[in-house]
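Respectively, the protein sequence lines represent chains E and W. Per my numbering, residue 1 is the first one in the first sequence, and the count goes up by one each step. Per my numbering, residue 1001 is the first one in the second sequence, and the count goes up by one each step.
Derived by calculation from the structure, the hints in this document are not laboratory data. A virtual CB, placed ideally from N, CA and C, is assigned to each residue, including glycine. Honestly, I wouldn't trust all of these hints.
[Said to hold, decoys possible] DSBU-like mimics (lysine-lysine), calculated; alpha carbons at most 30 Å apart, straight line: (1) E:K57 / W:K1112; (2) W:K1112 / W:K1058; (3) W:K1100 / W:K1058; (4) E:K9 / W:K1100; (5) W:K1100 / W:K1049; (6) W:K1069 / W:K1049; (7) W:K1049 / E:K57; (8) W:K1069 / E:K57; (9) W:K1058 / W:K1069; (10) E:K9 / W:K1049; (11) W:K1112 / W:K1069; (12) E:K57 / E:K9; (13) W:K1049 / W:K1112.
[To be verified] Restraint-style ranges between C-beta atoms, simulated for each label pair: (14) W:S1026 / E:A56: 16 to 22 Å; (15) W:P1079 / E:E53: 44 to 50 Å; (16) E:R63 / W:Q1042: 23 to 29 Å.
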Amino acid sequence: DSGVTQTPKHLITATGQRVTLRCSPRSGDLSVYWYQQSLDQGLQFLIQYYNGEERAKGNILERFSAQQFPDLHSELNLSSLELGDSALYFCASSGDRVNSPLHFGNGTRLTVT
Amino acid sequence: AQSVTQLDSQVPVFEEAPVELRCNYSSSVSVYLFWYVQYPNQGLQLLLKYLSGSTLVKGINGFEAEFNKSQTSFHLRKPSVHISDTAEYFCAVKGPVTGKSTFGDGTTLTVKP
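In isolation and in its complexed conformation, chain E is listed as follows (with noise of 0.2 Å):
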């Protein structure tokens, strides 16, 4: 068990919703990376959270956005979806060491219909 949580484990919904993926990250960890995964495109990171600031962005679509609130878990919301959305969506957490390895969540795994 990583400690970090991710819910929901599983979302169907159809094209042009909007959906929130949530993170609750290990105890006393402050930082928070989202990343999708996907057969075509691999493990791609999306953005990072420490301490309720945007640490680092990544391959985010600006159909999405995410935030970490004062208690330190954090959302992911992907909007007008498209079918190529579909993907394993993971959230991980680390120390504060610049070395702290990541600690990874068991992923929602989205589907777009």
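Position chain W relative to chain E; hints supplied.
This is chain W only, laid out in the frame that chain E set:
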């Protein structure tokens, strides 16, 4: 900029045989190196990490990896694999300043009886 190349996308091997999963990286500065494993329907888990010191690092489940600075490689090895080692393995590097993680495309290890 940093990058990671996992030289084999798929590695089939028989049970109890040795295995090596190859990882090369590119970076203009020293990096921290990690191997993660992803079992079906799960998130990534840390197998082992190289931060500094001895170039041979041991991880969980009998895996080990050797850091070779001159060849910029961090190959993962196990002397005798089990069916339960069937999974996807990711090599990752983390920069010393930003702490940004860069992942390889993954290697699917399939252990056959």
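Verification of the supplied hints:
1. Straight-line distance between C-alpha atoms of K57 (chain E) and K1112 (chain W) comes to about 40 Å, which puts the hinted pair past the 30 Å bound.
2. In summary, the hint linking K1112 (chain W) to K1058 (chain W) is supported, as the alpha carbons are separated by about 24 Å, within the 30 Å threshold.
3. Taking the CA atoms of K1100 (chain W) and K1058 (chain W), the gap is about 23 Å. The hint holds against a cut of 30 Å.
4. Of the pairs offered as hints, the one joining K9 (chain E) and K1100 (chain W) holds, with about 26 Å between alpha carbons and a cut-off of 30 Å not exceeded.
5. A distance of roughly 15 Å separates the Cα atoms of K1100 (chain W) and K1049 (chain W); the hinted pair therefore holds under the 30 Å criterion.
6. Distance restraint check for K1069 (chain W) and K1049 (chain W): the Cα-Cα separation of roughly 15 Å lies within the 30 Å cut-off, and the hinted pair is therefore satisfied.
7. In summary, the hint linking K1049 (chain W) to K57 (chain E) is supported, as the alpha carbons are separated by about 24 Å, within the 30 Å threshold.
8. For the suggested pair K1069 (chain W) and K57 (chain E), the alpha carbons sit about 29 Å apart, so the restraint of at most 30 Å is met.
9. A hinted pair counts as satisfied when its Cα atoms are at most 30 Å apart, and K1058 (chain W) with K1069 (chain W) qualifies at roughly 17 Å.
10. For the suggested pair K9 (chain E) and K1049 (chain W), the alpha carbons sit about 28 Å apart, so the restraint of at most 30 Å is met.
11. For the proposed pair K1112 (chain W) and K1069 (chain W), the alpha carbon gap of about 33 Å is over 30 Å, so the pair is violated.
12. Among the hinted pairs, K57 (chain E) with K9 (chain E) is consistent with the structure: their alpha-carbon atoms are about 24 Å apart, no more than 30 Å.
13. Our distance criterion of 30 Å between C-alpha atoms is met by K1049 (chain W) and K1112 (chain W), whose separation comes to about 27 Å.
14. The hinted range of 16 to 22 Å is satisfied by S1026 (chain W) and A56 (chain E), whose Cβ atoms lie roughly 19 Å apart.
15. At roughly 45 Å, the beta-carbon separation of P1079 (chain W) and E53 (chain E) lies within the given 44 to 50 Å, and the hint holds.
16. A hinted range of 23 to 29 Å for the beta carbons of R63 (chain E) and Q1042 (chain W) is consistent with their spacing of about 27 Å.
Hints 1, 11, counting from the list given before, are not met by this structure.
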